[in-house]
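Asker: Let's have the full structure, built from the sequences with the hints guiding it.
Listed in order, the protein sequences are those of chains A and B.
First residue of the first sequence? That's 1 in the UniProt record's numbering, and the numbers climb one at a time after it.
First residue of the second sequence? That's 1 in the UniProt record's numbering, and the numbers climb one at a time after it.
Hints are computed from structural coordinates only; laboratory data are not their basis.
Wrong hints could be hidden among the right ones.
[Claimed, not checked] Result set (DSS-like, lysine-lysine): computed pairs, CA atoms no more than 30 Å apart in a straight line:
#1 A:Lys111 with B:Lys3
#2 B:Lys196 with A:Lys275
#3 B:Lys282 with A:Lys166
#4 A:Lys113 with B:Lys3
#5 B:Lys152 with B:Lys66
#6 B:Lys282 with A:Lys113
[What the hints assert, rightly or not] The following residues of chain A were derived to be distant from chain B, with all beta-carbon distances above 12 Å:
#7 Ser72
#8 Ile85
#9 Lys111
#10 Val133
#11 Tyr148
#12 Asp170
#13 Glu175
[As the list claims (entries may be wrong)] Here are a few chain B residues that face chain A, going by a calculated C-beta distance under 8 Å:
#14 Trp11
#15 Pro16
#16 Leu25
#17 Pro28
#18 Leu97
#19 Trp122
#20 Trp124
#21 Pro128
#22 Phe169
#23 Leu172
#24 Lys225
#25 Val246
#26 Tyr250
#27 Tyr257
#28 Ile273
#29 Val274
Even for Gly, the Cβ is constructed at its ideal location relative to N, Cα and C.
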Amino acid sequence: MIKQGHKPGENPWSLSRIAALLVLAFLAATWLVPFAWSVLTSLKSEADAGASTLSLNPPDGLSFAAYRKVLSAGDIPSWAWNSLITSVAITVITVATSALAGYAFSRVNFKGKRWLYAAIIAAIIIPPQLLIVPLFRQMLAFNLVDTYWGIILPQAFAPAMVLILKRFFDQIPLELEEAARVDGASRLRVFWSVVLPLSRPILAAVAIFVFIGAWNNFLWPFIVTTDAHLMTLPVGLQTVKSAYGLQYAQNMASAILAALPLVVVFLFFQRQIIKGIATTGFGGQ
Amino acid sequence: MRKRDETLAGWAFATPFAVLFVLFLVVPAVYGLYLSFTGETLTGAGSGLIGFANYGEALTDPDMWKSLGNTLWFTVLSTIPLVVLSLALALLVNLGLPGRWLWRLSFFMPYLLASTVVVMFWSWMYNPTLGLINGVLAKFGAAPVAWLQDPKVAMLSVVITTLWWTIGFNFLLYLAALQNIPEQQFEAAAIDGAGKWRQLFSIVIPQLTPTTMLILTLQILASLKVFDQIYMLTNGGPAGKTRSIVQYIYESGFTGYRFGYSSAISYLFFALIVVVSLAQYKLINRRSAA
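Answerer: Right, dumping it as structure tokens:
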């Protein structure tokens, strides 16, 4: 699938290729600068961060003081925990419900299927941002403001994922299931032991995207939490930013700590993420 | 009997999803529509139907039009580079130059960050006295720029941050599409004497049309819904110059406590999104029919 290297008969170091390489290196460097500079700032003393901001060799030297401070004084560990709990719950519920529903749409002929399917397709264009007011009123009525479930439930389903999974299930040969059904296996049994094992790559891709989306979501958790102990990482960080004010090193240390988990996720699941985007075009933001 | 079993099984599978879908999407959508016809506020005062009053007010509200205008302007400013530059990056990376994983990582990494983190990085970059950008400008003797405070450049700054943050997604879509163009087409074109640039414009770009359409559709809808980075970078300022329509919905609901009014603006905006989606759908269908 991936074309590597130059074409045969072509000079690998032609002038135009070197020029292209230089342009690419320049652009990539530009893209990496905000990261690099933030990491550098986070490793400076607060005095250096505010005074010798451009210096690569700060007078006070490099230290982890900002990280120690943020981790001991701030709420970052508990926000990270809240983010982890809610994102994992959102991912598990979304993947489970989407897979079950996707299977029903793909393989079962049930009454009401057509209108339910039409409703899901129509719902895909409703931006969740527009539902914040009625959703918040609902959460008040259900007593779910400032609870984990209040953060989780409105994010724990994804019409687009149902369609993606349905499309995938459609491609699994029917014969595989029929053999198991002839042997007397129930629908659920067939789904669990025949269909799901064949769908591992797409389930992984869906799970990764749901997780990243949930981990990074700002607007909904921001609206549904007021208690600082229940905030997710992105929401909590927004309060840190205003509270620390001029403490640039601590600001950057918090940002780097918040970014780290997803960098790790990416390094582990690079191939699934890239393939997921390439083949299905889903993502979010 | 058999048919009833199928229906039972189908609903058993679909119910967990359907319950969440109805409870947290259909119900709020209908409830929001109802709210938009009421004068509902925080205290519950003014509840009860008031007809189209909220819609009438919204359509004559200069702040609504201003934030809508900002949103459309942001969409134009962000969509063009997010399509053109991501294509350019994908073409460059697809030349097969060494270091492929590094390029991919550099352009895609920011896409994984939470908006809060992105904004923390960029507020620091844009800092008027200590920021890296003004620091570098100063080395070249240029005057400092108030990136987020100057009404003339604030929107541009927001666009630059958005470009940095989100380009990786489009870039990966283009890269995947490029790799699916059969190699023989280039060989055939080369034999016919077509140069590199000729190949680019007569083979590559036409072949990428479906991808470009997909990216354009997703990008326009995503840009219209912009909120996070603007809200946190500029809070809609200076003087409302960057306030987006989603921020206006949020503010009228959660700081102005006018739930009915906020819902009415939501529905007007939703109507716009439906129109844009239908227009895009028509356009794509016409293109593929032609």
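Asker: Now tell me if each hint is right for this structure.
Answerer: Verification of the supplied hints:
{"no.": "1", "hint": "A:Lys111 with B:Lys3", "in the structure": "holds (9 Å)"}
{"no.": "2", "hint": "B:Lys196 with A:Lys275", "in the structure": "holds (28 Å)"}
{"no.": "3", "hint": "B:Lys282 with A:Lys166", "in the structure": "holds (25 Å)"}
{"no.": "4", "hint": "A:Lys113 with B:Lys3", "in the structure": "holds (13 Å)"}
{"no.": "5", "hint": "B:Lys152 with B:Lys66", "in the structure": "holds (15 Å)"}
{"no.": "6", "hint": "B:Lys282 with A:Lys113", "in the structure": "holds (27 Å)"}
{"no.": "7", "hint": "Ser72", "in the structure": "holds (20 Å)"}
{"no.": "8", "hint": "Ile85", "in the structure": "holds (16 Å)"}
{"no.": "9", "hint": "Lys111", "in the structure": "violated (4 Å)"}
{"no.": "10", "hint": "Val133", "in the structure": "violated (4 Å)"}
{"no.": "11", "hint": "Tyr148", "in the structure": "holds (15 Å)"}
{"no.": "12", "hint": "Asp170", "in the structure": "holds (15 Å)"}
{"no.": "13", "hint": "Glu175", "in the structure": "holds (19 Å)"}
{"no.": "14", "hint": "Trp11", "in the structure": "holds (6 Å)"}
{"no.": "15", "hint": "Pro16", "in the structure": "holds (4 Å)"}
{"no.": "16", "hint": "Leu25", "in the structure": "holds (6 Å)"}
{"no.": "17", "hint": "Pro28", "in the structure": "holds (4 Å)"}
{"no.": "18", "hint": "Leu97", "in the structure": "holds (5 Å)"}
{"no.": "19", "hint": "Trp122", "in the structure": "holds (7 Å)"}
{"no.": "20", "hint": "Trp124", "in the structure": "holds (6 Å)"}
{"no.": "21", "hint": "Pro128", "in the structure": "violated (12 Å)"}
{"no.": "22", "hint": "Phe169", "in the structure": "holds (5 Å)"}
{"no.": "23", "hint": "Leu172", "in the structure": "holds (5 Å)"}
{"no.": "24", "hint": "Lys225", "in the structure": "holds (5 Å)"}
{"no.": "25", "hint": "Val246", "in the structure": "holds (5 Å)"}
{"no.": "26", "hint": "Tyr250", "in the structure": "holds (7 Å)"}
{"no.": "27", "hint": "Tyr257", "in the structure": "violated (10 Å)"}
{"no.": "28", "hint": "Ile273", "in the structure": "holds (6 Å)"}
{"no.": "29", "hint": "Val274", "in the structure": "holds (7 Å)"}
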